[in-house]
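Enquirer: With chain A's structure known, arrange chain B on it following the hints.
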Amino acid sequence: MSPDLSRRVFVKAGALSLVSLGFDPLFLGRTAYAQRVPARSPGSKTLVCLFQRGAVDGLSMVVPYADDWYYRERRRIVVPRPGSAPDAALDLDGRFGLHPRLAALKPLWDAGQLAIVDAVGSPDPSRSHFDAQDFMETGTPGDRATRDGWLNRCLAHDLEHRDTPFRGVAMGPQLPRALQGTAPALAIGDLQAFGIRAPEPARDRLTAAFEALWSGTETGIVANTAAESFEAIRQLRAANPSQYRPADGVAYPLGPLGRALLQVAQLVKADLGAEILFVDVGGWDTHVNQGNGANGQLAARLDDFGQALAAFARDLGERMADVVVLTMSEFGRTIHENGDAGTDHGHATAMFVLGGPVRGGRVLGPWPGLAPEQRYEGRDLAVTTDFRDLFGEVAARHLGIAQLDVIFPGYALTADRFPGVLA
Amino acid sequence: MRTPLLPLLVALAACAHHGPAALAPLSLPREGMAFPAADSADAVHLLDRFAFGARPGEIAHVQEVGIRGWLEEQLNPSRVDDAAGDGALQPYRLAFRDPADLYADYAPAPPAARADTAARQRQMQGTRELAGAVMMSALARHIESRRQLLEVMTDFWTNHFNVFMAKGADRWLTADFVERAIRPYALGRFEDLLVATATHPAMLVYLDNAQSVAPGSHPPAGRPAIAMMPRPGFAPMLPPRPAPAARAEAGLNENYARELMELHTLGVDGGYTQQDVIEVARILTGWGIAQPRRMGVGRFAFEFHAWAHDYGPKTVLGVEFPAGHGMEEGRTLLHLLAEDPATARHLSHQLCARFVADTPPDGCVDAAVAAWQRTDGDIRAVLVAIAASPDFWAPENRAAKFKPPLAFVASAVRALDGAPDTTARLVGALQQLGEPLFMHLTPDGYPDAGADWLNSGAILTRMNLALALASARMPGVVVDLDRLSPVTSDYDQLVRNVNATVLGNQGTEHTLQVIRQQIGDMPNAVNARAMAVGLALGSPDFQRQ
Chain A
1 MSPDLSRRVF
11 VKAGALSLVS
21 LGFDPLFLGR
31 TAYAQRVPAR
41 SPGSKTLVCL
51 FQRGAVDGLS
61 MVVPYADDWY
71 YRERRRIVVP
81 RPGSAPDAAL
91 DLDGRFGLHP
101 RLAALKPLWD
111 AGQLAIVDAV
121 GSPDPSRSHF
131 DAQDFMETGT
141 PGDRATRDGW
151 LNRCLAHDLE
161 HRDTPFRGVA
171 MGPQLPRALQ
181 GTAPALAIGD
191 LQAFGIRAPE
201 PARDRLTAAF
211 EALWSGTETG
221 IVANTAAESF
231 EAIRQLRAAN
241 PSQYRPADGV
251 AYPLGPLGRA
261 LLQVAQLVKA
271 DLGAEILFVD
281 VGGWDTHVNQ
291 GNGANGQLAA
301 RLDDFGQALA
311 AFARDLGERM
321 ADVVVLTMSE
331 FGRTIHENGD
341 AGTDHGHATA
351 MFVLGGPVRG
361 GRVLGPWPGL
371 APEQRYEGRD
381 LAVTTDFRDL
391 FGEVAARHLG
401 IAQLDVIFPG
411 YALTADRFPG
421 VLA
Chain B
424 MRTPLLPLLV
434 ALAACAHHGP
444 AALAPLSLPR
454 EGMAFPAADS
464 ADAVHLLDRF
474 AFGARPGEIA
484 HVQEVGIRGW
494 LEEQLNPSRV
504 DDAAGDGALQ
514 PYRLAFRDPA
524 DLYADYAPAP
534 PAARADTAAR
544 QRQMQGTREL
554 AGAVMMSALA
564 RHIESRRQLL
574 EVMTDFWTNH
584 FNVFMAKGAD
594 RWLTADFVER
604 AIRPYALGRF
614 EDLLVATATH
624 PAMLVYLDNA
634 QSVAPGSHPP
644 AGRPAIAMMP
654 RPGFAPMLPP
664 RPAPAARAEA
674 GLNENYAREL
684 MELHTLGVDG
694 GYTQQDVIEV
704 ARILTGWGIA
714 QPRRMGVGRF
724 AFEFHAWAHD
734 YGPKTVLGVE
744 FPAGHGMEEG
754 RTLLHLLAED
764 PATARHLSHQ
774 LCARFVADTP
784 PDGCVDAAVA
794 AWQRTDGDIR
804 AVLVAIAASP
814 DFWAPENRAA
824 KFKPPLAFVA
834 SAVRALDGAP
844 DTTARLVGAL
854 QQLGEPLFMH
864 LTPDGYPDAG
874 ADWLNSGAIL
884 TRMNLALALA
894 SARMPGVVVD
904 LDRLSPVTSD
914 YDQLVRNVNA
924 TVLGNQGTEH
934 TLQVIRQQIG
944 DMPNAVNARA
954 MAVGLALGSP
964 DFQRQ
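Line order of the protein sequences matches chains A and B. Quick note on numbering: the first sequence equals residues 1 to 423 in the working numbering. Quick note on numbering: the second sequence equals residues 424 to 968 in the working numbering.
The following block holds chain A by itself, in its conformation from the complex (with noise of 0.2 Å):
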């Protein structure tokens, strides 16, 4: 039995009548494809998102070594200053450094392919997992009626690529809430096993003949769903990604993780017009005993993030070019380490932007302090970067972008905003 470390994702059972069966009119919009595989041109951009669950302690990520407080706050849980120790911090700039464990990504923000902005966050005070989740993969912090998610409005912007139902991808079981939405996107669990599972020729006629069961009188998101299931199916058979190989050298880490982003790999080298691809990554909710730089869940976790990530890195190689990864968490955790050796509930965090576009090298957003009067609500780190210009930066520079209020409703960001993650 592998634990499921599901996403948590939570659906307001009076926010969302997605099965309401065609009487749903933001869904009505969403249409099956032409049947044709798109050309990809090259230079097309992709984004990988990889969702922290679980509210990552970027403290710890991320060390603030040369914030007194930070040494005054923890003790049991404490990464030493960079050089004072053997499981020191890896210095980044002079004020922060690296989590130790997180060494693989070292190289790369040496190359200046990693960026960081730190004290990043949610204008929401809500320290709820569920909630806060929400809020960010809606992109309206405080407002529980969006039913679409950020990036699946990034999806809709431009339909000039909308004939591939691999514009949008989470590899994992369930699609989360930020590529929901009125533009297809498909969850893939395992691109080997996506298909009705049979020997030919018996696969061939049992595809068709669920395909005809599927597309009678059903109408609204089911039907388009299974409509984009046999599209992806043709697809895939067609391009057949696992052909793809990790390049010379590279291992994943064993673990979801590694598994995910060796298949974002295949799927971007592929050519299907993948543009917008979702990894779920959990276990950062360390309440109890998270650990040092040398041992505990936290150090394992990224142990596992940092490894998978530099893999993936290395894996695209030149690709790399057109690819930004973007990793997010719905909140940071308490300054102060609580009884258990662990930390509770928090404000800001910190990200990672890391690829090819990257103006990286840099930790970005002001840094508000950790001394007790500059904390929000006196106790957690403050936010200082809204998360919103942070992925606004990356759907306008990267994604090409132009109508950031489509994808923030209700929220005024122009480019003063950005953090200066990309050129």
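Mixed in with the good hints there might be a few duds.
[Unchecked claim] Per label pair, the in silico range of CB-to-CB distance:
id: 1; chain 1: B; residue 1: Val503; chain 2: A; residue 2: Gly255; range: 41 to 49 Å
id: 2; chain 1: A; residue 1: Asp143; chain 2: B; residue 2: Thr798; range: 33 to 41 Å
id: 3; chain 1: A; residue 1: Asp248; chain 2: B; residue 2: Asp509; range: 57 to 65 Å
id: 4; chain 1: A; residue 1: Glu377; chain 2: B; residue 2: Asp785; range: 30 to 38 Å
id: 5; chain 1: B; residue 1: Gly694; chain 2: A; residue 2: Trp69; range: 31 to 39 Å
Since the hints were derived computationally from the structure, they do not count as laboratory data. Even for Gly, the Cβ is constructed at its ideal location relative to N, Cα and C.
Expert: Frame of chain A, contents of chain B only:
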């Protein structure tokens, strides 16, 4: 010198696990309830929502006893003979051994002994067997029990009071949690259910309350009361064993306090603040667990640790909790939360979302709230109000919900009159659909609204499972298609049979037509039957309830 531990423990054990009062007999009035006459479509709708779908013969049974009669039967589960459910449980009784014994027999070996590869493999095998038995102890009864409404509500509350089986001692405690904290109260009073879950070690472990102590408090000398048990395995979910120094300095943990209000009772809009969360956490300090001191000595149990309790004054939702009170103020708090109108509305909304529509109509929610408030949260009264609500029977709410993974698997096996094969392989189907039982990491439980399964991967997985089941290749299930739908070369008759057995005679014309077309040229009548059954189970019609 305070030494109130032992007497409190005894008192609490009695209070927490004296077991539920047996459900009083409940009769529904013969007149004045707006139930339809129970044609076959009504019966199908009722069985889709108040049961895990129809088994062969059950539609006829509902029509015979009527909607009112069937509900009355199901609301008095002790009146329903359940040899079937008991029998289904037998292969999985391992799950119900005392948690301390499970710990003694299944806990991983200490690090020093791990070099022994064979022993390690035996241990891992044992862990898998146990996890399979725990999952099947629920799934087998969902499929086979005749007390279907009890099963549906057990599932509902298990999901509502979610625990994660892979966290620490919950490996040994999850089946006990469902059996002793959920199932006995699933049709009882909400407050009893709330208290039972709040005091069960599985919840205290899962949401960390067992580790929450008043800041500055220390366990009495010689009494390392928390996190003592070696907790290896399941990395990286499990924190390493804390060093002795780490244990000396413990403090408040808000995790349970927050979810208690946000998820279990008031709802996220229930009007509480961050300060309320802290105050609730303070009130619940000391609500901990006893656990085996070493292999074979001691049991898991709720235990109030007076030394860990914050005896200062608190205020929750504007209600003052004066200084100087111990365990009992936690009980007062649970009563306060259980009787809060926000709780009635939050739970009524969730129940109506489950039973009526993903976006529940106001009329039905109002009826449920009224029943809740009239009866102080009597779950049976709320269910009756929902079933009697015109919204439940409204045409637009029939076949309008997409079956969640558990409902799909259970109803598919039930439709074919199948049964688990005494192994735990059937849990693999839920795994593939993304919702393995007791493996939802976060406390919100699996979502109920259809949007969450409605994606391409999920639909294809259902088609594959449908085909496997129809061709008797589904691992872990025994089905006898010959009994259900004898082989016939009269394919029109075959389609009628399949419509009757799998689709409760509710198949759409399109679905029946496609099935008929697809089998038309199949020379082998056995293959044609498998194809027809597989397509029916994988059709859009069968995904709805």
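Enquirer: Now tell me if each hint is right for this structure.
Expert: To see whether the hints hold, each was checked on the structure:
no.	hint	in the structure
1	Val503/B with Gly255/A: 41 to 49 Å	46 Å, holds
2	Asp143/A with Thr798/B: 33 to 41 Å	36 Å, holds
3	Asp248/A with Asp509/B: 57 to 65 Å	59 Å, holds
4	Glu377/A with Asp785/B: 30 to 38 Å	36 Å, holds
5	Gly694/B with Trp69/A: 31 to 39 Å	34 Å, holds
Checked against the numbered hints given earlier, this structure breaks none of them.
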